[in-house]
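Since the structure of chain V is provided, determine the placement of chain C on it from the hints.
Letter by letter, the chains look like this.
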Amino acid sequence: MIGIGEYHIGPESMMAIGLGSCIGLTIYDRDRRIGAMVHIMLPESSGRTDRPGKYADTAVPLLLNKLSEMGCHRSSLVVKMAGGACMFEYFGNNLNIGERNVEKVRAVLTENQIRIAAEEVGGKAGRTVAFYPDEKGKVTVRSADGAAHEI
Amino acid sequence: MDAIQELGNIGAAHAATTLSQLLSSTVEMSVPKIKTVDIAQLASYIGEESAALVVFELQGEIPHGGYIIIYISRKSAVQLTNTMLGLTDPDRPLNEMDESALLEVGNIMASAFLDATAELLGFVMLPSPPALTIDMAHAAMQSLIAQMQDEIDEVMLFSTELVCEEHKIDSDIIMMPETSTLKIFVERLENLMKSS
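Heads up: the sequence lines are chains V and C, in that order. Quick note on numbering: the working numbering labels position 90 of the first sequence as 90, and the sequence is numbered without any gaps. Quick note on numbering: the working numbering labels position 168 of the second sequence as 1168, and the sequence is numbered without any gaps.
Calculated from the structure, these hints are not laboratory results. Keep in mind the model is a prediction, meaning the values are calculated, not measured. Think of the CB as a built atom: it goes at the ideal place given N, C-alpha and C, for glycine as much as any other residue. Among the hints, a few may not be true.
Claimed, not checked - Beyond 10 Å from chain V on every Cβ pair, some chain C residues (computed):
(1) LEU1023
(2) MET1084
(3) ASN1095
(4) ALA1116
(5) ASP1150
(6) THR1179
What the hints assert, rightly or not - Listed next, with one range per pair, are the computed distances between beta-carbon atoms:
(7) C/PHE1123 x V/GLU135: 27 to 33 Å
(8) V/HIS149 x C/THR1179: 36 to 42 Å
(9) V/ASN112 x C/GLU1165: 53 to 59 Å
(10) V/THR110 x C/LEU1094: 38 to 44 Å
(11) C/SER1180 x V/SER13: 39 to 45 Å
(12) C/GLU1166 x V/ALA148: 35 to 41 Å
Just chain V, same shape as in the assembly:
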């Protein structure tokens, strides 16, 4: 279980429950069969360094560097993303954090010349994301009505 702002790297299954505007980002290394997952809450760290997993601009480089240190090659990474919903339109007016999270993750990945293999983002509903590095990096998304599907 990966809480808000937390991340994990390894071969075992991981899960981030109840993503609203948050993002669950998964990176699977096809060669080494390990995965990395982070539960991002906000787009910009604005210089904060104590919780790098919490912000899109620090979380993405954090995972890429950790994987690179472990000997993973960029060309074998499969990146998937889910979340970034807008659950409260009324309060969302000028600060759609979900959308900004999605855009920031995309931008940082583009800077690193990595494309997103699959994503399920936006909308109004919450999501629970499960990641299975031991099953070829399978990623499933489930909503409140309970139906899980692979992305």
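What follows is chain C alone, placed relative to chain V:
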């Protein structure tokens, strides 16, 4: 801390009274709990279960004071609107009529909570227009925390459970103030205690 608890107590007691009047039935209230929760641990406090959340921003003298959340499990939400609308099927899906009823109940409860706490503190607190979601509770709470004004790693939750045994309705009234709002609460309460 005792004074803050008392603040929650008074607010929740008023909300319980209005809910009791609405349902024409007894509503029991738990002792208010104050919890400081690290955001990474939020899931151990509020899970992915489906619930109705009626949410209000705290407004008034403090423009963005935090949030008041009326949390009703999905099952209880059906029981609640069934009681209000004179229906009986406990397994039916929620529709637009239920949504208006839930918004209305939330509105009445949040207003009662804020009227009582504001009177004690001596300044105006008003609920914003309500927003309703019927979805994963964690996802809704997380979305609110992400858009709080103060950048935080911990949230303080004032939570009181309101239970109506007769109609099997279980709800929580949760106040999640901004750090700056909480400071104002504490200052006001300290002054009150000094002057009394």
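Hint check results:
For C/LEU1023, the requirement that its beta carbon stay farther than 10 Å from each beta carbon of chain V is met, with the minimum near 26 Å. At roughly 23 Å, the least C-beta separation between C/MET1084 and chain V is larger than 10 Å, which holds for a residue marked as non-interface. No Cβ of chain V comes within 10 Å of the Cβ of C/ASN1095; the nearest lies about 15 Å off, and the non-interface call holds. Here C/ALA1116 stays apart from chain V, with its beta-carbon at least about 24 Å from theirs, past the 10 Å limit.
The claim that C/ASP1150 lies off the interface holds: its Cβ sits roughly 12 Å from the closest Cβ of chain V, which is beyond the 10 Å cut-off. At roughly 16 Å from the closest C-beta of chain V, the C-beta of C/THR1179 stays outside 10 Å, upholding its exclusion from the interface. Checked against the hint of 27 to 33 Å, the pair C/PHE1123 and V/GLU135 fails, with Cβ atoms roughly 56 Å apart. Roughly 39 Å separates the CB atoms of V/HIS149 and C/THR1179, a value that falls within the hinted 36 to 42 Å.
A beta carbon spacing of about 57 Å between V/ASN112 and C/GLU1165 agrees with the range 53 to 59 Å that was offered as a hint. Between V/THR110 and C/LEU1094, the C-beta spacing of about 41 Å keeps the proposed range 38 to 44 Å intact. Between C/SER1180 and V/SER13 the CB atoms are about 40 Å apart, so this pair conforms to the stated range of 39 to 45 Å. Restraint check, C/GLU1166 to V/ALA148: a C-beta distance of roughly 37 Å satisfies the suggested window 35 to 41 Å.
In summary, the one numbered hint that this structure violates is 7.
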